Each structure stands twice: as C-alpha cells, then as structure tokens.
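Engineer: Next come the chains, spelled out residue by residue.
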Amino acid sequence: MESGRIKTGFVMGPKLSRSDALGLGGLGLAGFLGLWGALSFFGIVPVEFLPSPFAVGSRFIDLFAEPFAGFTLPQHLGSSLLRYLYGVLLAACIGIPLGLAMGWFHLLDDIVTPIFNGLRFIAPIAWVPFAALWFGTGIGGPILIIFAGAFPPCLINAYRGARFVEPRLVEAARMLGTNHGRMLTEILLPASVPSIVAGLRVAAGLGWQSLVGAELIVASAGVGFMMVQAQASVQTTTVMAGMVAIGLTGLAIDVALRQGERWLHNRLGLD
Amino acid sequence: MASIRFDKVQKYFGRGEKRTHALANIDLEIRDREFLAIVGPSGCGKTTCLRLVAGFEAASEGAVSVAGKRVTEPGPDRAVVFQQFALFPWKTARGNIDLGLRNKRMGGEERAKRIADVLKLMNLDSHADAFPHQLSGGMQQRVAIARAYVLDPEVLLMDEPFGALDAQTRVVMQEELVRLARVRPRTVLFITHAVEEAVYLADRVAVMTRRPGTIKEIVDVKSMREAEDWNRFERIEDVMDLDSFVHLRTRIWKSLREEKDS
Ligand SMILES: Nc1ncnc2c1ncn2[C@@H]1O[C@H](COP(=O)(O)OP(=O)(O)OP(=O)(O)O)[C@@H](O)[C@H]1O
Ligand SMILES: [Mg+2]
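Read top to bottom, the protein sequences are chains V and R.
According to the working numbering, the first sequence is numbered sequentially starting from 1.
According to the working numbering, the second sequence is numbered sequentially starting from 1001.
The set of hints was computed from the structure by calculation and includes no laboratory data.
Any given hint could be a false lead.
Unchecked claim - Here are the simulated distance ranges between beta carbons:
# : chain 1 : residue 1 : chain 2 : residue 2 : range
1 : V       : Gly260    : R       : Gly1108   : 33 to 39 Å
2 : R       : His1133   : V       : Phe130    : 47 to 53 Å
3 : V       : Phe164    : R       : Ala1130   : 23 to 29 Å
4 : R       : Gly1108   : V       : Leu82     : 40 to 46 Å
5 : V       : Lys15     : R       : Phe1013   : 47 to 53 Å
6 : R       : Glu1109   : V       : Gly247    : 57 to 63 Å
7 : V       : Pro74     : R       : Met1106   : 51 to 57 Å
Claimed, not checked - Just a few of them, taken from the derived set where beta-carbon distance is under 7 Å, the chain V residues facing chain R:
#  : residue
8  : Arg163
9  : Pro167
10 : Val170
11 : Glu171
12 : Met175
13 : Leu176
14 : Gly177
15 : His180
16 : Pro190
What you are looking at is a predicted structure, and each value in this text was computed from that prediction instead of being measured.
C-beta atoms are modelled at their ideal positions from N, C-alpha and C, and glycine is treated no differently.
This is chain R alone, in the form it adopts within the complex:
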C-alpha cells in the first residue's frame, strides 16, 4: 500500500516581509496505484507539492506521508522525473540508470538484467551507451523515466515531464506512459499545464487555486474512462475525439479559467 497523503499542509517560503504563502491547507490523498494529475495556474504551488513528497522541501505546517511513513528526506522509494531531465552528463544512459541500483548495493547480474529489461521497456536498447548530449530530448526523457522505473519505486513523481519536448515527441511519450502504466502500475503524482494531457493520463485530476494554492476540486476521470472504454484506442487523437473526453476536458478548463480570470 503506497498511498501519498497531504495532511493540512501549509508551505511558506522566506520570512518576514518577503514571506510568500505558497500552499494553503492542502488535504489530499493519492491512493495506491492511482495516477493523479495536478493542474493549476502558473505559480500556484504545483511543483512545491511534488517537492514536498520527494523530500526536497519540508512542510511549514502539517505533514506529508508516503505509505504511512512521514517524508523527511529524498529517497529511491519516491522516484522523480524532472522537467529538464536532470541526467548526469558525464554518465551514459546505462550509467545514469545504474546509479540508483548500485546505491541499493544490488549485485552485478541482477543489475544487468534489470537494466536490460527497462531499456527494452522504454525502447532504448540501441542507445544504452550514448551520453545524454548525444540523445534527442525525447530519448533523454526516456532515460530519465527508465532511471526512475528501474528502481521499482513505490511512487513516481513527475513534474511536467514532457513540458520541454516538441509536440510530436510529446504525444509519443504520452502514449508510452499510458502503456507503461498498464504494464507496471504505480502510484503516480503527475504535474502538468496541459489539461488534455491530464485527462488522457490520469485517474483523477486535481485543480488548484491561485496562490496560496489549495485543492479546488478533484475530477474523477477513471470511472468515465472505464465506462466509455477509452482503452480500446491506441492513439491519443482517437481518445481526444470522444464526447466523454471533451466533456471532462471542458469542465476542467472552465474550473481553471475561473482561477486565471478572477
């Protein structure tokens, strides 16, 4: 059971005059094996939410816990995929993926097997020995996702992982992620600006208010996806044409627009 819980979380940055109130009273549970996307206006605190779960920041008040354990520091049970990839430029794709396994003191044979598996899963076979700067943006992000998945983490944290990719690569990666989520379901916290992406990928979509950010509403996508059987389509554009998809997307858009206009 690897759920993520936000318990009345407040987050302030700085002190005194310059103090910003980033998050206000976030109360949220992401269930075991659930894919939850957060959308919200720019600067509302989405990244901050994710960094709290990752253990890069500490809550000012309240608590964040994963699998019932309070988060105090970063760790491989909560793998992060960054928007700017954050691959180590001096390590090959394989070297990047291997670091987390070596940190777990895993034996050489087991590591080789796991790396081969994940390279295949991410269609990276032929790029294992390339350095990041020799790879396209899409390929680099595959390596970053492989680096996270290979650890078999309880939860996966993704902060606009496709934000730096061009439109076509982005679509391919979205489809891959859906495929991945079916093969190896994990508890996922996914942050994005793109409402369509959120509806396509997530089981539930949380909409945040402007700063100080709080959860405005949570839209259930999963029951619609199952009722309308979105999964029968391979391609994202076919799903996006469905009335049920358009309905949910419009609803979230409106909710978001209220925030931007107010």
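So that you can see chain V by itself, here it is in the shape it has in the complex:
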C-alpha cells in the first residue's frame, strides 16, 4: 500500500506492475460491491438496514441537487470543511510552536508533558459532551472536537523535530550567538519541516475522522448533521451516502497532502 517503503511479508509470484496492482485493487472493490449487493438483493439483510450499492450511489448523486435537512450535499460538505479547516488550523497554530518550544526549553517540556499525556488519551468523541456544555450548538463545539483530534500529532511531531535536530547544527548556531527566538524560527523550525509536515498529514486525517462526532452537536448544516437527521427518520440510504461523501473527501485530502509533501521534499532536496 505505502509506496517507497521496503516491503516485508509473503509475496507470491513476480513483482506486479503498477497497472496490474491497480487491476487487483479494482477486483477487490468489485468483489466488495458484489458481496454487498448480493446481501441486500437476496434479502439476507433487510433493505432498511442495508440498501444496495446502486441505491446508495444514486442517492449520493441525487443529494447533489436535492436538499436534505435544508441543504444539498455539497453545501453540507462545504460547512463541514470550513469547521474542519478552522479546527486543523488552530491545532497547527498552537501545536507546532508549542511543540518546538517544548523541544528547546526543557523546563517547558517538563511542565507540559504530563498534562498533554493525560489529555491525549481522551478520544475526540469523548470531548462531545464537554464541548456541548461549553459551546451549546455554536461553532466552538465542533472546532474543539476536531482540534482535539488534530492537535496531538501537530505537537508531537514538532517536538520530535526540534529534539532530534542534528546537535552540531545547534552547536553551530549557539557559537554564532543565536538567541532563543531565532533558534526556534531559523534553526529548529526549518530543521523540523519534514517531521512537521508528516505530523500535519496525520493531523489532517485524524481531524477529518473526528468530524461526524463533532457534528453530532451541530444544529444547522454539515455532513455529520445530515447523517444524524437521516438516522432520525430511518433513511439508511442517505446515512450511507453521507459515509461515502466522508470517505471520498478524506481520501482526496490525503492524496492532496501526500502530493504536497512530495513537492516540499523535492524543494528541500530531501530523499
């Protein structure tokens, strides 16, 4: 799955070409859809619980034009993406500087790490009741929940980047009389870019995964909101169309960030 890694595990036959590998992936997908279709077509699972892939697909397309719970699917997606963007940006804006500073100032590290380690094991969804109490149905709640998902990787990767920067570069900077602020912005930050970017990619993924949880407490729009509304009126097809939308968007975000990461590595002369 991961390209550019050394692969371990059992391999049967010669190495596959890229198109063959894609073909196998397509075969897997077809098998999955076929099994799913068979389960609903032969009534093994009642249609109310498991609509056919075709029904979900056409519902997905219908939702582009036909509003559900007030908005079309792209409009729901739009407001989801906006919340998501706020949450992830906030996580990056706090997590990266804090992580770098913790990597440099050991005192700060000692103070923050125990708190951080405690909070980090509270899953984003576990913040829902607390966020609802604090923010009601306002924009703050979902942002807090997405933030809870995206913050740890931002902080941890910036911290690691700063902590494991080559010691002789730090020594060179110290010998040149570099002050703390400049050490953070001109030495530790650029040295940590690969680690920070990898962290951002993980953060983007975890933030997106926290989205539906975040939108459980939204009262206006969003894919998660749409799905909760559909669930209330037992419209399984719409619920599943929402899942498809979330999956595809997450995939698109990941692909885009991977490309961005590759571009940056080329720019920086890494690899």
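Following the hints, complete the assembly by docking chain R with the ligands onto the known chain V.
Structural biologist: Below, chain R with the ligands without anything else, positioned relative to chain V:
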C-alpha cells in the same frame, strides 16, 4: 590580548562504573595570535579540548579561559569550524555567513560590506547564493571558514577542518589557510590527525598522550620556520621537501608513535 588558557583541567564523562577519564591535568597556554596545533592518538581527547574552549562542554576540574575570561557558554568571540562543516542546509552561503552578523545586530550596510569582503577573501564570490548541497566539500568548508572569520573572532577553533576533504582539495585549503593567517592573524587552536598538516600550519605543535589525555610535549615550529624562511615558498610540497621540515615532522611522528605503540 586573546590568549587561551587551560588551567589544570580534568574532564570526566559519565559517572560511576562507566566514567571515562578523558583529560588529565591539561595545562596549556595558547598565546595571542598564535597558531597552535594539537596532534594525538585517536580518542585521546583532542576534540574535548576544543569543545571546552568553545563552551560546549564544561571542565570537571580546573578552568578554561579566553582573554582572561573564564569560558561558561558558547559565543561568537570563539568561532568554531567543524569537521563536518555544520552549515545550515536551508540557508544559502550568504545566509549562513550572515547569521552571526545579524545576531550582533549589525546594520545592513555594514553586514553587506563584511560579507562581500569575506566572500572575496575565501574565493566564494560566485557561490554566494548557492545552498550547501549545491557546493563541493571544499566550497562548503570555505563557507564554514568564512562564517567564522566574518565575525572577527578573538580565537578560531578548528577540529580537523580538512579531514572530510579529498587530498587535492585539502592541500589547496591548507595553503589558503596559511595565506589567511598572514592577512588576518588570529589565535587559532587547530586539531588534526595529520602531522604534516600540523607542522605546515602551526607555530607550535602540542603532542597528546593516550587517554586520559595530557600534553606530552610542545614542539616549536615557528622559530624554525622563520630561521629557514619557509614563507618564501608558495606551495606546500616545496616546504615539505626542506630538511628542516622533515626533521620536525619526524620528531613529532616519533613522539606520537611511542603513544600508539605503548
Ligand atoms: N559526550 C561524551 N560522552 C561520553 N564519552 C565521551 C563523550 N565525548 C567524548 N567521550 C570520550 O572521551 C574520549 C576523548 O574523546 P575525543 O572525541 O575528545 O577524542 P579525540 O582525540 O578527538 O578522538 P579522534 O581523534 O577520534 O577525533 C573518548 O574516549 C570518547 O569516547
Ligand atoms: Mg576528534
């Protein structure tokens, strides 16, 4: 007056069972504007000596002082040239050289002038805007030396600065360093494995014993260099052919060999 003084310096690494005694009772003075080279067997503590002066390590006992002031932390008055260059990969040659000047809060015009000067001095004019990975090893080390020299430091600390270079580049850099030392003399502590390099460059050569390292003897090169007028030769190989050079080199070699064989 920027002399470097080691005052009965002891250095231990680690504690308890695993404690290593790296330096034993180092007593040494490097005079103002003197070029002193340290040679010694591998692992005898040469780098440790330099790191004490740079302020990267603290002496376990005794004291290290520069210009009469005890060393407590690194600073731009003691510029270091590292064996592996240690240039910032995300900064251009100019950016690398500029950082120390910016840290001194020097004005833009003055900085530009100083950088232009040092680029010219090191024959780096046409590479000012290249990133380190675009430069050859020799060029990278020129940038590292320029980065140190531009600060007009009181002392210059060099730890096997040419150790990572190929033989030809190495010779060129040695000749350049001699030229530089004539144009802008500084107090230099220079560490090397190569006895010839030490004799060619230094005013005095200190030979260290095996660990725990201490100064075994100090060989005066300067009086021989002046008496035999080595400076009339431009090229290193001409100097190396002189009887006086060979004599000093052999003497230091023997001293070193005793350490390696014992
Ligand atoms: N940070 C450290 N922690 C523990 N031991 C150290 C440390 N730095 C150096 N030493 C030990 O101290 C001794 C002297 O090391 P140093 O690097 O000064 O030797 P050196 O003469 O520069 O060797 P080389 O010729 O190989 O460069 C060595 O035995 C080394 O293992
Ligand atoms: Mg060494």
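Engineer: Among the hints numbered above, which are violated by the structure, and what are their numbers in rising order?
Structural biologist: 8, 9, 10, 15
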